[in-house]
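**Student:** Residue numbers (my numbering), protein chains in the order written: chain A, 1 to 240; chain B, 241 to 544.
Some clues are possibly wrong.
[To be verified] Cross-link-like lysine-lysine pairs, in silico, BS3-like; alpha carbons within 25 Å at most:
| hint | chain 1 | residue 1 | chain 2 | residue 2 |
| --- | --- | --- | --- | --- |
| 1 | A | Lys132 | A | Lys156 |
| 2 | A | Lys70 | A | Lys156 |
| 3 | A | Lys130 | A | Lys181 |
| 4 | B | Lys408 | A | Lys130 |
| 5 | A | Lys15 | B | Lys408 |
| 6 | A | Lys181 | A | Lys154 |
| 7 | A | Lys154 | A | Lys109 |
| 8 | B | Lys408 | A | Lys132 |
Hints are computed from structural coordinates only; laboratory data are not their basis.
Source: prediction; values computed, not measured.
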Amino acid sequence: MTLLTVDGISVSYGKLTALRGASISVKEGESLFVTGPNGAGKSTLLKAIAGVVALRAGTITLTGTTIDGKSPEDIARLGFSMVPEGRDVFGSLTIDENLRIGIGMRADKDAAHRDLETVYSVFPMLAGRKHKPAGVLSGGQQQMLVIGRALMAKPKLIAIDEPSLGLAPKVIDDVYATLLKLRDAQGLTLLIVEQSSARAMLTGGRMVLMRSGEVVLEGDARQLARGNALQKAYFGYGDH
Amino acid sequence: MTEFIQMIIDALSLGSLYALGALGIALIFGVIRLVNFAHGDTIAFCVFALLWPSIDAAAIVFAGNLPTILLIPLILLLGAGLSVLSEIIVFRRFRSANPATMMIASFALGFVIRYFLLMLYSSRPKSINLWANLSEPIDLYGARVPLLQIVTVAITLGILGLLTLFLKRSRYGLEMRAAAENFTMARMLGVRANRVIMLAFALSGMLAAATGLIVVTQTGTVDIQMGASLMLIAFIATVIGGLGSLTGAVIAAYLIGAASVLMQVVLPLDARPFRDAFVYGAVILTLIWRPNGLFVPRSAKQRV
Chain A
1 MTLLTVDGIS VSYGKLTALR GASISVKEGE SLFVTGPNGA GKSTLLKAIA GVVALRAGTI
61 TLTGTTIDGK SPEDIARLGF SMVPEGRDVF GSLTIDENLR IGIGMRADKD AAHRDLETVY
121 SVFPMLAGRK HKPAGVLSGG QQQMLVIGRA LMAKPKLIAI DEPSLGLAPK VIDDVYATLL
181 KLRDAQGLTL LIVEQSSARA MLTGGRMVLM RSGEVVLEGD ARQLARGNAL QKAYFGYGDH
Chain B
241 MTEFIQMIID ALSLGSLYAL GALGIALIFG VIRLVNFAHG DTIAFCVFAL LWPSIDAAAI
301 VFAGNLPTIL LIPLILLLGA GLSVLSEIIV FRRFRSANPA TMMIASFALG FVIRYFLLML
361 YSSRPKSINL WANLSEPIDL YGARVPLLQI VTVAITLGIL GLLTLFLKRS RYGLEMRAAA
421 ENFTMARMLG VRANRVIMLA FALSGMLAAA TGLIVVTQTG TVDIQMGASL MLIAFIATVI
481 GGLGSLTGAV IAAYLIGAAS VLMQVVLPLD ARPFRDAFVY GAVILTLIWR PNGLFVPRSA
541 KQRV
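Generate the whole structure from the sequences, applying the supplied hints.
**Tutor:** Structure (structure tokens):
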């Protein structure tokens with residue numbers, strides 16, 4: 001079943017066009033890896049889905065509901081959980097408080113508290129420092145925290161923007177290992193955005209490549225990451 | 241010794257008043273980055289509600305005659321109501337506008353409120369005697385202090401305590417703190433923007449009402465300008481405290497209160513009429529020393 005359909009969306013910031021008719025779709029239970037050079041519109045794509053930037057054209061549907069034009073809080077309530085670039089932990093709030101914010105929109109409070117225990121068991125280093133301000137955590141720990149925070153919202157789809165940004169290679173491996181463990185254990189649907197396609201070898205699933213605000217290539221993640229079609233598409237087909 | 245106690249109490253009660261004013265501004269600034277210059281006029285509005293609208297010089301006490309137990313909630317509700325209405329009618333339209341535009345809108349709204357009061361009540365100050373028994377002095381370790389000063393400090397500490405409890409322990413408080421630090425992220429986690437913003441305005445309006453009640457009890461005068469000068473000091477306190485930091489605003493307000501009282505005592509007699517020049521001079525020095533204020537909230541720091 002298709003969970004998310006992004007159909008021909010365009011977004012501009014003033015005179016600058018960030019997305020021109022980009023389309024993607026994500027099926028339930030799969031991982032979609034979105035890659036592309038800097039300025040390709042990857043982050044804008046996620047922001048558009050989250051309802052943070054307005055569309056100039058196109059439609060977005062999540063589980064059959066049209067979400068473009070809805071507020072970020074309504075889109076979150078429909079099951080879209082976002083881990084933005086740069087993580088955006090609430091540094092002055094405690095780790096526990098960061099995790100609890102997403103509970104507010106859930107009706108099943110008991111299940112939510114069980115989920116909180118689950119998150120703490122997946123990330124034991126968070127459990128030990130529950131009542132510390134989240135700002136004291138290292139970059140890798142903050143990445144784990146925001147993944148946990150996104151899970152607490154009980155999303156149908158988690159989108160993660162540049163999970164490896166600013167992290168050491170070893171830490172990036174940890175983040176991905178956790179992400180994949182969670183995906184397999186909880187049947188999560190993932191939408192991962194990365195500038196580098198290297199990690200697509202780990203996630204598998206499908207991959208799309210974006211360039212200049214458009215989707216220019218789509219295929220099996222591992223195949224694309226291995227072959228040179230990606231490099232060609234990444235750097236252009238010699239059209240300029 | 242008695243003089244010292246007197247000074248401490250003076251400083252604390254003046255600082256308390258400034259703190260309540262500063263919190264009213266800081267709460268809204270924290271959530272939507274608006275410096276609400278209409279706050280002072282909201283204070284005046286709450287005080288005028290004690291009187292029956294009339295342009296006569298003699299005040300006709302209206303709500304002011306109600307028993308305390310009804311009067312206080314009524315005025316608090318009125319402050320919250322006016323503040324929330326300002327949000328819905330005015331500020332909501334400017335939410336994506338730049339901060340300067342919002343600030344100008346708040347100036348304009350302040351004038352609308354002020355001239356509305358002027359129409360109903362005329363510009364003549366009126367006198368009203370609220371809780372007369374509070375002005376009686378009591379004996380505190382040899383110093384004779386008006387009971388009102390003690391009550392002012394106690395009420396302010398009570399309000400600070402309740403507000404802290406609300407922010408730290410309640411669901412809405414958590415959402416407000418998250419929104420103050422990163423509004424977009426909070427919304428992406430399902431925090432309802434309108435609800436949080438209206439709540440901030442409601443709390444700010446209640447603080448305006450509390451501030452107004454304390455001022456009018458102290459001065460016994462209802463004046464159209466009464467909110468403006470308090471608003472100025474409260475605004476300065478929020479800037480010195482570090483815009484967006486509630487703790488900073490409160491501490492800076494008490495510091496300004498203490499500085500005012502201290503200058504009144506230590507300045508040579510001839511310089512005392514110019515006390516405010518010295519107080520504001522200290523403000524300039526503080527800002528040169530720390531341009532972002534004493535406490536820079538995390539939301540104001542550059543994110544990497």
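**Student:** Are the hints correct? Go through all of them and say.
**Tutor:** Status of each hint after checking the structure:
1. Lys132(A) <-> Lys156(A): violated, 29 Å
2. Lys70(A) <-> Lys156(A): holds, 17 Å
3. Lys130(A) <-> Lys181(A): holds, 22 Å
4. Lys408(B) <-> Lys130(A): holds, 15 Å
5. Lys15(A) <-> Lys408(B): violated, 43 Å
6. Lys181(A) <-> Lys154(A): holds, 16 Å
7. Lys154(A) <-> Lys109(A): Holds, because 11 Å separates the two Cα atoms, which is no more than 25 Å.
8. Lys408(B) <-> Lys132(A): At roughly 14 Å apart (the allowed maximum being 25 Å), lysine 132(A) and lysine 408(B) satisfy the hint.
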